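Novice: Residue numbers (the working numbering), protein chains in the order written: chain A, 72 to 396; chain B, 4 to 391; chain C, 9 to 404.
For the record, the hints were derived by calculation from the structure and aren't laboratory data.
Heads up, a few of these hints could be off.
As the list claims (entries may be wrong) - Derived lysine to any residue pairs resembling SDA-like cross-links, with alpha carbons at most 20 Å apart: (1) Lys53/B to Pro58/C; (2) Lys383/B to Arg262/A; (3) Lys315/B to Asn73/B; (4) Lys189/B to Asp218/B.
Fair warning: this is a prediction, and the values are worked out from it, not measured in the lab.
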Amino acid sequence: MDFNSFVNLFWPSTVNGLVLGSIYALIALGYTLVYGVLRLINFANSEVFMFSAFGSFFAIDMLGIPDRLANGDDPYKTGFTLVGVLALCLVMSIIIGGASAVVLERVAYRPLRKRNAPRLVFLISAIGASFAMSEAVGEWGTKQRQDYALARVFKKRRLFSIFNADVRNDYVLVVIGSLIMMVILVLFVNRSKVGRGIRAVAQDMETARLMGVNVDRIILITFLVGGVMAGGAAFFFEIYNGSARYSLGFELGVKAFTAAVLGGIGNIKGALLGGLMLGVIENWGTSLFESNQKMGSVTAFVVLVLVLMLRPTGLLGESMGRSKA
Amino acid sequence: MQKTTVRRLGALLATAAILVAACGDDKKADPATTTAAGGSGEGATCSGVKIGFIGALSGDNGALGTNMINGAQIAIDEFNAANPNCQVAFDTSFDSQGDPAQATPLADKIVNDAAIIGLIGPGFSGESKATMPKFEAAGLPMITPGATNAKLSTNGWKMFHRILANDDKQAPGVVTLIKDTVKGTKVGVIDDASDYGKGLADSVRSGLGALDVADAQIDPKAADFSAAITKMKDAGVDTIFYGGYYAEAAKLVKQIRDAGLTATFVSGDGSLDQAFVDNAGSAADGAYLTATGAPADVNADFQAAFNAKFKKDPALYSPEAYDCAKVLLAGIAAGKVTRADLAAFVSAYDQPGITKQIKFDETGEPVGNAVYYSVVEGGKIIAKGLIG
Amino acid sequence: MSERPPITGNDLPPGPPPTAAAKLAFGERIAAASDSRRRFFAKWKQVPKPARWVIGILGLAFCYALPSLDLPVIPTTGTDFSSMLAGSVVIYVIVALGLNVVVGMAGLLDLGYVGFYAVGAYTVAVLSSQHGNLPWLICLPIAMFVSMLSGVLLGAPTLRLRGDYLAIVTLGFGEIIRLLAQRFDWLGATPGISNIPPPPNIGPIHFGVLDSKSFYWLGLTMVVIVYFFLSRLERSRVGRAWTAIREDEDAAELMGVPTFKFKLWAFAIGAGVGGMAGSLYATKTAFILPQNFELKLSILFLAAVVLGGPGNMPGVVIGAVVVAYLPERFRFLDTSRYFWFGVALVVMMIFRPQGLLPRRQHGRQIEPPSEDPPPFEDVREGDPDLEGGAHGAATA
């Protein structure tokens with residue numbers, strides 16, 4: 072226990088935790104949406120995230136931006152060029168995320184639904200899909216199991232400080248961007264016609280079907296939306312971190328899943344709260360235990376267990392469809 | 004170990020280079036071919052002899068094992084080209100994923116395959132610990148290109164050999180480098196909790212003594228190391244030593260620079276890889292990297308042959324694995340085609356390799372380990388020679 | 009627990025039960041699918057008991073002789089067959105039998121089973137090498153006891169949680185065990201613990217570093233003991249209570265089954281068997297380190313149970329053999345074998361969602377005595393544990 076360092080590092084830990092936490096939250100949404108509708112853990116959501124992380128790499132490749140300029144500098148872009156590059160990265164990530172989530176649903180889930188498989192079977196099928204997706208990248212990707220590093224188009228700068236914590240331009244972009252995506256999602260689920268369908272199916276699939284809702288279509292859209300969120304998360308992760316590899320999904324997926332459960336799986340606001348909390352708690356735990364990052368993970372899990380003991384369905388509880396009922 | 008200039012020479016030169024590399028063996032005092040010259044006409048004669056490799060080819064550390072087999076493959080190809088009557092098979096089917104649990108049955112398979120008379124690997128210290136008792140019991144000589152945990156050579160294993168100096172030997176060099184060359188006054192030490200990284204970092208920590216003002220441990224499975232970096236920033240360090248492998252080193256140094264921290268970055272041989280520089284971009288400039296062998300870019304032939312065959316630069320452990328293979332092949336060329344003969348040959352071996360003069364002491368440790376260092380300048384790793 | 013959602017079964021989704029029509033159609037389909045199996049079992053029952061024993065013993069003898077017989081096709085070509093059987097297959101089988109108690113019989117989703125396996129392995133390592141030199145035979149029961157204790161300590165506060173919440177808590181437990189082992193030097197930290205002694209020699213059977221067959225025979229004997237013990241347990245009052253809990257926890261509670269107590273028992277017994285497997289692993293490899301106990305292993309264990317047919321012990325054994333054996337058998341696929349393993353999991357789940365060898369009709373045992381035959385008895389069979397695809401049924 073190192074309280075001194077915990078106090079010294081309190082603000083930097085908190086700020087960093089919020090940034091990483093908002094990425095967790097976006098991935099957690101993929102778990103939560105599918106759980107809300109189908110009551111199953113979409114274990115392969117993490118690989119959808121990993122796939123879409125490569126969207127930014129494709130975008131940079133398409134634009135022909137080199138890893139480093141001839142004079143050894145990083146290929147920084149500014150102004151509208153930068154906005155354009157980032158927009159293309161985001162679009163590519165979202166396309167890959169959405170597309171792979173939809174394919175996943177068709178290949179690994181729909182046949183099981185048609186066969187009335189028990190829920191545990193969905194979990195194993197998802198795990199199989201997750202293995203296959205990450206191993207495919209590790210086996211047949213251009214750099215196989217090595218790290219991929221994104222060309223540094225975005226010059227990171229300190230904008231201002233909160234106490235002793237630096238706030239950088241990429242932090243602001245990530246947090247605000249994630250919040251915008253989440254607000255759009257909440258509006259979509261609560262206000263749009265399709266969103267009403269999602270809530271109806273989440274609440275009572277059979278009745279929804281009798282009321283004329285195309286359940287298969289709604290499920291597909293739910294996966295699509297989850298994939299788009301994972302795509303957004305992947306884009307922001309690349310802005311913030313700039314690396315990717317075949318095992319990235321598994322590494323962040325477990326955290327994001329934990330975040331979803333912490334907030335209350337099936338609950339959209341819970342994913343946000345859980346993600347932010349998990350990011351912050353992890354960093355606090357790390358600074359509290361001799362800056363040992365693994366102890367940060369232990370702390371996060373211990374907090375999760377404590378929370379579940381007090382609130383067995385997570386901080387905000389399961390809701391989605393039901394809260395409106 | 005790497006030389007980006009070569010890459011730019013293009014395919015023509017690379018094709019020419021493989022010829023040079025293949026023929027070059029005869030001209031140089033290569034033990035394999037010179038010893039064989041006394042034999043029957045075209046090189047050595049032997050049949051049904053295999054060299055095995057055990058290590059991670061897939062899984063989280065698959066990249067490092069692949070580097071190893073690629074390096075060794077070059078040596079095998081050269082040998083087989085030079086000795087048509089002695090075709091040595093290279094059995095790389097023992098992919099342990101770096102996992103001791105998977106390595107154990109593979110070790111049994113290796114031990115039971117009488118054709119395998121020499122072994123390159125295991126790649127890592129953990130799997131070495133798990134499998135060495137089997138190789139020892141079977142009297143199978145092995146040379147590891149990557150397992151550098153200091154304790155491995157203290158078990159009295161006669162079959163154990165390694166090409167790289169252990170982590171405890173590298174640490175004093177790192178400490179001298181930080182004190183005298185980098186002139187660090189407040190040093191932060193970060194490790195990756197691996198057997199290798201933590202072992203090296205702990206030795207460096209104790210060598211630095213009071214100079215070490217901040218410690219942190221990252222989780223290599225996480226991509227974000229901001230917690231360790233804020234700690235370094237808070238301590239106001241001017242030098243950061245990282246014990247770990249190049250993949251995390253690249254991410255770490257990038258995040259350090261992004262955080263506005265200008266401390267000099269120092270790391271060990273686990274980070275001495277062009278991928279570190281390529282992945283970190285300009286953030287790697289000015290980084291110091293240490294190693295117990297002379298950096299491999301002194302050997303252009305190997306570099307060129309590697310480029311031609313694998314269309315990429317040799318990476319961490321490739322030259323070491325090449326040297327491992329060379330030692331075993333020299334034994335085969337000298338007619339040592341039983342495990343016992345080859346084991347005796349390896350223990351008595353004393354010849355120049357591409358990384359350094361290769362000779363093992365009675366515990367299997369390489370003899371004569373000066374620590375060298377390199378500096379990253381403009382996207383290239385520039386060898387600077389001995390530390391001190 | 010007042011805010012418990014209106015759940016009707018252990019993990020039943022809070023949605024309404026499927027309509028009777030959907031249920032019936034579903035039941036019919038499953039009935040057709042398992043018809044041939046049923047005929048096989050009917051015939052099997054007609055075989056006289058002594059003959060059944062002989063067949064069973066011959067089968068077992070075949071298993072013992074397996075590494076010595078030089079069979080075509082079956083042995084792994086890329087890795088040592090008997091070592092693979094000893095170090096991987098029998099261990100997976102023991103683990104799967106233990107996990108089956110938790111997942112298959114009691115219907116509790118455990119994603120951190122590797123934690124108990126690690127506790128068992130570490131107990132042996134600490135007592136026999138790191139901080140003592142107790143012989144393995146003494147360490148084994150201690151390891152099982154410590155694992156059971158850890159099962160109780162984890163289960164007592166968390167077994168109130170249902171379904172996926174329990175899954176994530178157990179997942180966290182598995183991770184915590186590994187991370188703590190990595191952190192504390194007392195537990196060997198990152199370099200792990202080596203020189204774990206082998207079991208004592210039994211007559212001509214030696215347990216040297218190269219004697220994989222002995223370890224296989226030891227492991228197989230442990231499998232037989234565990235199998236025997238668990239199959240007795242399954243048919244006892246405890247087993248029936250687990251079935252009741254799995255099928256409908258609330259109903260079981262109302263019928264007077266002390267559900268919490270039996271869930272805790274399931275956890276403890278499952279943990280004990282996991283610890284036993286861990287002890288075997290520790291002595292087989294003679295060296296353990298935290299990296300051996302990663303989350304991926306829990307997932308493979310669970311895959312073994314679900315693939316085989318949760319709740320059915322022969323099925324689970326087959327599932328474990330498949331999961332441990334396939335990636336090794338297909339080593340010639342080289343580094344892509346885990347890709348194909350993933351694909352195979354998806355395909356097998358699609359074509360055999362009930363598992364390779366699904367559970368037979370236990371459901372009947374807990375049926376309340378009734379004048380009428382149970383209306384949809386088949387539903388239970390195709391609808392194993394962790395509750396059934398109620399939504400799925402609706403979609404069909």
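Novice: For every hint, state whether the structure bears it out.
Specialist: For each hint, the structure was consulted:
no.	hint	verdict
1	Lys53/B to Pro58/C	violated (52 Å)
2	Lys383/B to Arg262/A	violated (55 Å)
3	Lys315/B to Asn73/B	holds (10 Å)
4	Lys189/B to Asp218/B	holds (11 Å)
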